[in-house]
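All chains should be built: construct the whole structure from the sequences, respecting the hints.
As they're listed, the protein sequences go chains A and B.
If you use our numbering, the first sequence closes out at 278, no skipped numbers anywhere.
If you use our numbering, the second sequence closes out at 590, no skipped numbers anywhere.
Hint data in this document are derived by calculation from the structure and do not stem from the laboratory.
Be careful, since some hints might not be right.
Unchecked claim - Listed below are the simulated BS3-like cross-link pairs for lysine-lysine, each with C-alpha atoms no more than 25 angstroms apart in a straight line:
hint	chain 1	residue 1	chain 2	residue 2
1	B	Lys-524	A	Lys-129
2	A	Lys-6	B	Lys-581
3	B	Lys-451	B	Lys-392
4	B	Lys-550	A	Lys-129
5	B	Lys-581	A	Lys-164
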Amino acid sequence: MTMQTKRRITEIVLFVITLLVAVIFFFPIFFNLMSAFKSNAEIMRDAVALPKTLYLDSFKYLLTETEFPRAILNSLILTVVAIVAQVLIIPMAGYAIERRNARWTRLVFIYFLAGMMIPFQAYMIPLFKELRILGLYGSLAGPIMIYVAGAVGFGCLLYTSFVKGIPREIEEAAEIDGCSRYGIFWRIVFPLLGPVTASMVVLNGLGIWNDFLMPMLVLPSGQAKTMVVEIYRYIGEFSSRWDMIFAGTAMSVVPVLIVFIFLQKYFVKGIASGATKG
Amino acid sequence: MTTSIVNTDKSFIAAEKPGKKKKKWQSYALLFILPSFLLYTLFVIVPTAGSVYLSFTSWDGISSDIRYIGFANFVEIFQSPRVQNALKNTLVMTITLVLLENIAAIAMALMVDKVRWFRNLFRSIFYFPTLLSGIVMGFVWAMILNYNFGVFNQILTSVGLGDYIVDWLGNPKYAMLSIILSTVWKGAGYYMIIYLAGLQGIPQELNEAASIDGAGGWQQFRHITFPLLAGSMTVCMVLSMISALKIFDQIAVMTDGGPGFETETLTYIIYKVGFGELRQGFGTALAMVLFLIILIITVIQVKFLQKREVQL
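Written out as structure tokens, the structure reads:
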């Protein structure tokens, strides 16, 4: 056997192994999407089989007979508003901490970073009570503020390190031209931070979209919360209506799939930069 | 305008009206930081401080009667068999998950790095599960592993392994394993990306030179690739450890801590005790233990990483 054929065989073997692992990895997602188009009887009879017809009744039921549309709306509002608020609030802080670089900003920075070590479970119990005291219980404003607060530590870490890489000369030139600090930040610095912002938006956005414990605890019971929380509730309540739950999980997965396909590079970049800093 | 203006910040301030410029910037800095500061203080620090206080009480979460009971909650943590079991589960789960996730991640990173065709597609497939909700995918896994109608048992039967069918989630022996494996599926792709970045940072010449010297594939991995991945490994170990300690969603949907209390972990018992059994004082005491563990890991990590940086 020549070197050439030997290498060829290794390549093919490696490809086949990788393909097998990939099939196993993709199967649960495929299974989820496929089962959403099967009737309950079909799922029970043969879980592996492909759907015979495109069964849409479970979607119809979920969207007309349950509170699910409200939950979809809540998930969307929470994700979009919390992310916009994060982008409006956190980059500014990271920028000021890095550029001002005084004793007090360094202390604030350490104070923010300490938050990265505090798990949500460590403060969730009093949080619930606090929202009631502040009169934020029952609205989406509470969870939105909690999401922004929770992102401050890691967000500032990310932004300070990226601001460091932006030459000061650009800002100084603008200052001479009479631009205010506020203007300098939003018109000059912020656009240069685009890639970090994109990474923060996609990673935190998904985190909020998928979040379970916090919205379940702080949103009032008796009405629709978020998609993930509703799915969890249906699992307990409609334990025999698998078709319906699969329709719900598919509706939660598909938007993620679409966002991932279009914004793939920002996910990967966000992890790589987060890992080296984190 | 002299050149000193466009030099460094210090010379800029010194060049003209030092006091005024600095003061102006200072008020801006305050303004820029204030919103983050307020929200973070109000919704992270204040409730955390509240937890510290509540952990010394027997509060039920509802009544206005918050009684100080000293260290009684912490004493109970060390005496309750249920908590001991949850701590043991947390330890077992964390160690197993860290090992399995990292082994899987390195293997997948090597595959994606070396495979010739469809490299990006494979990377995406391995990574995608990390973007999904633990509740959603936990449900899908519970359906796959379902005793009566699940895909897994169906496949086992059809390939003639029908004797090995078990109740993967209802049997305490396998429930933990099922949670761990579904979490590896969901988590490993994240670390794969980090390892992949590490792999791509290894100079090609090293492997080529070793190959000329007659080193086989395994030897190259053992003596070149693996040692040079150490940096990525520290990061991945710590990240996977912290996320394993916090695992919650999969347990909630796959076993609800059961059968009995068999698969409860520290995070799960905090939730159960605090909101299911209305013993929020005790719940916060458990939460303090979790916080302490994460704190210790982080401090070790920072020390370890600093040491490594010096060496490099």
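Here's how the hints hold up against the structure:
no.	hint	result
1	Lys-524/B with Lys-129/A	holds, 22 angstroms
2	Lys-6/A with Lys-581/B	violated, 47 angstroms
3	Lys-451/B with Lys-392/B	violated, 37 angstroms
4	Lys-550/B with Lys-129/A	holds, 17 angstroms
5	Lys-581/B with Lys-164/A	holds, 24 angstroms
The earlier numbered hints that this structure contradicts are 2, 3.
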